[in-house]
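In order, the protein sequences belong to chains A and B. Residue numbers for the first sequence follow the numbering used here, so the first one is 1 and each next one is one higher. Residue numbers for the second sequence follow the numbering used here, so the first one is 1 and each next one is one higher.
Hints are computed from structural coordinates only; laboratory data are not their basis. The beta-carbon is built from N, C-alpha and C at its ideal position, and this holds for glycine as well. Take these hints with a grain of salt, some might be off.
Stated by the list, open to error - Residues of chain A clear of chain B, computed beta-carbon distances all greater than 12 Å:
#1 HIS11
#2 GLU28
#3 GLY48
#4 GLN55
#5 ASN78
#6 TYR91
#7 ASP142
#8 ALA152
#9 GLU180
#10 ASP298
#11 SER302
Stated by the list, open to error - Label pairs and their in silico Cβ distance ranges:
#12 A:LEU200 x B:ASP164: 16 to 26 Å
#13 A:ALA299 x B:GLN31: 38 to 48 Å
#14 B:LYS78 x A:TYR288: 32 to 42 Å
#15 B:ASP175 x A:THR170: 51 to 61 Å
#16 B:PRO192 x A:THR6: 51 to 61 Å
Now for the letters of each chain:
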Amino acid sequence: MNLEVTLGDLHLNNPIMPASGCFGFGREFSAFYDLNQLGAIAIKAATGEARFGNQTPRVAETSSGMLNAIGLQNPGVNGIIEQELPFLNQYNVPVIANIAGSTLEEYIEVAKKMSEQPVVQALELNISCPNVKEGGVQFGTDPTLAYHVTQAVKSVSTKPVFVKLSPNVTDITDIATAVEKAGADGLSMINTLTGRRIDLHQQSPIIANGSGGLSGPAIKPIAIHMIHQVRQKTDLPIIGMGGIQSTEDVLEFLLAGADAVAVGTANFQNPFICERLVQDLPNTLQAYGFNSVKEVRDARCSHQSTSH
Amino acid sequence: MIIEDMTIQKNECIALNTFEMVISGEEIPLQIQSGQFVHIQIGDGKLNMLRRPISVADINRISKTITLIYHVTGDGTKWLSTLTEGTMVNVLGPLGNGFEIKHAEGNHILIVGGGVGVPPLYHLTKQLVRHHQVTVVLGFATHEAIFYESAFQQLAETYVATNDGTYGYHGVVTDVINQLDQPFQYYYACGPSPMLQAVQRQMTDTHGQLSFEERMGCGVGACFACVCEAKNDKGYVKICQDGPVLQANEVIL
Ligand SMILES: Cc1cc2nc3c(=O)[nH]c(=O)nc-3n(C[C@H](O)[C@H](O)[C@H](O)COP(=O)(O)O)c2cc1C
Chain A
1 MNLEVTLGDL HLNNPIMPAS GCFGFGREFS AFYDLNQLGA IAIKAATGEA
51 RFGNQTPRVA ETSSGMLNAI GLQNPGVNGI IEQELPFLNQ YNVPVIANIA
101 GSTLEEYIEV AKKMSEQPVV QALELNISCP NVKEGGVQFG TDPTLAYHVT
151 QAVKSVSTKP VFVKLSPNVT DITDIATAVE KAGADGLSMI NTLTGRRIDL
201 HQQSPIIANG SGGLSGPAIK PIAIHMIHQV RQKTDLPIIG MGGIQSTEDV
251 LEFLLAGADA VAVGTANFQN PFICERLVQD LPNTLQAYGF NSVKEVRDAR
301 CSHQSTSH
Chain B
1 MIIEDMTIQK NECIALNTFE MVISGEEIPL QIQSGQFVHI QIGDGKLNML
51 RRPISVADIN RISKTITLIY HVTGDGTKWL STLTEGTMVN VLGPLGNGFE
101 IKHAEGNHIL IVGGGVGVPP LYHLTKQLVR HHQVTVVLGF ATHEAIFYES
151 AFQQLAETYV ATNDGTYGYH GVVTDVINQL DQPFQYYYAC GPSPMLQAVQ
201 RQMTDTHGQL SFEERMGCGV GACFACVCEA KNDKGYVKIC QDGPVLQANE
251 VIL
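With the rest of the complex left out, here is chain A (with noise of 0.2 Å):
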């Protein structure tokens, strides 16, 4: 079966991809399967200079879902383009590089070196952790900072750039058409939504910086709202997630909207599951009535004009 899909002037052989930060760098799940089979890789999130993260522990477990509060830790831009692209120019497969940063010129320096990578496809831009105090996420809750970020990185970027929208915002749709104003080829949503625990016996936060992000089935019905909202706005490609664990959930993110489609949390669970996901799509693009990843995206067009 034809599972191409098209993604302005990224195209790529399937519609599945991790999610960033979920994933690494690719190392650690080359030894489960070959990566080649992904329709891309979304890498963790780069930075201007290396970061050591927040203090552990870094992730709590929720129903249905997980908080994380890793605070972008990475070996910076030059230590990803020196130590970790190399490994991944041996697979043919898109990278898609996440771009986080703490100031308007942070966002433009690691923009600019990520995307004169070869290996690199894409750029994602990250303004929405909502897990460092100074960073990222007051670029993705602002309209007019949103636009100016996105401008600023299209300026020096010589590859699409996807802009990943935060959920934590009023209404994801003002973020949307601001940034696609601004010049955006793409979107990513969503990021995690800021979530908080409480351990019984400390009567303290369980995660070490107090709150976190909530991913994981949890949040799947938020993305798929706000992939509906957005598409209502916008024909930019998007890449949906939020809680993706089966075919059945990729078909409804592809149903609301979703060009593409990445998996987080999911990977933590069973480090086979993109594989997994690539290799029975068809199957259940099949069960529902469809021949291609293409037929989805027609029968939502056709649907969309008449009804919303």
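Go by the hints and put chain B with the ligand onto chain A.
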């Protein structure tokens, strides 16, 4: 590293909130080494997204079984404790780096375990006593929490301390080590971080290995949930991938 459905042969309460589970499988019991861990799925995976890391306490390559000892601390381990013989559990493993035994220098080795950190030391001790003199010091919160005391006694000279003095020595493991006042040439320790820190400080002149416990995400080194500051180029180690066993002088506690 594989995922295998393993069959529960035994799952019994052996001390306060502490269960011993024996599971059989095909590959994992043949591959796993002392000090490594397995990552167990809770339920059908729809409600609990994270697996639970549990160290291997004993390995039987002939019956293809492994023994796991776990503390019931929350919903996930509570569910695990209700499973009966013949039920399957979904296991990812073996994970992490275990104890290096060839590095055990000298003749007299000290083993220090605290609470739920005691289990991985059991299979280790079994191997060490073949070629070394071994002294074991175990610490528990209270009398009811003690397990495997006689199992260790059958292998080596074993001392037990309880924090509340309800059994054995009243105090912590480092007090017992002080009183023993013996020239150990190497040591292995596993337990909660404060205990590891105390032992590391006490044994500064002696080489050893520490096994860590930390809340984990993926268990395979991808998510950066379980990092610990270290004296290496990167400045950190991932407990799940570089550990859980690390050289005692490598980590900053
Ligand atoms: C441990 C962890 C680390 C993450 N790190 C990043 C990151 O570095 N950059 C980013 O844009 N999103 C990051 N995310 C968010 C995911 O990419 C994804 O948007 C979110 O988890 C929802 O998908 P899921 O429910 O499938 O996990 C992280 C999520 C988790 C659980």
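Here's how the hints hold up against the structure:
no. : hint                            : result
1   : HIS11                           : 26 Å, holds
2   : GLU28                           : 4 Å, violated
3   : GLY48                           : 17 Å, holds
4   : GLN55                           : 10 Å, violated
5   : ASN78                           : 14 Å, holds
6   : TYR91                           : 16 Å, holds
7   : ASP142                          : 28 Å, holds
8   : ALA152                          : 28 Å, holds
9   : GLU180                          : 31 Å, holds
10  : ASP298                          : 32 Å, holds
11  : SER302                          : 33 Å, holds
12  : A:LEU200 x B:ASP164: 16 to 26 Å : 22 Å, holds
13  : A:ALA299 x B:GLN31: 38 to 48 Å  : 47 Å, holds
14  : B:LYS78 x A:TYR288: 32 to 42 Å  : 38 Å, holds
15  : B:ASP175 x A:THR170: 51 to 61 Å : 58 Å, holds
16  : B:PRO192 x A:THR6: 51 to 61 Å   : 53 Å, holds
In summary, the numbered hints that this structure violates are 2, 4.
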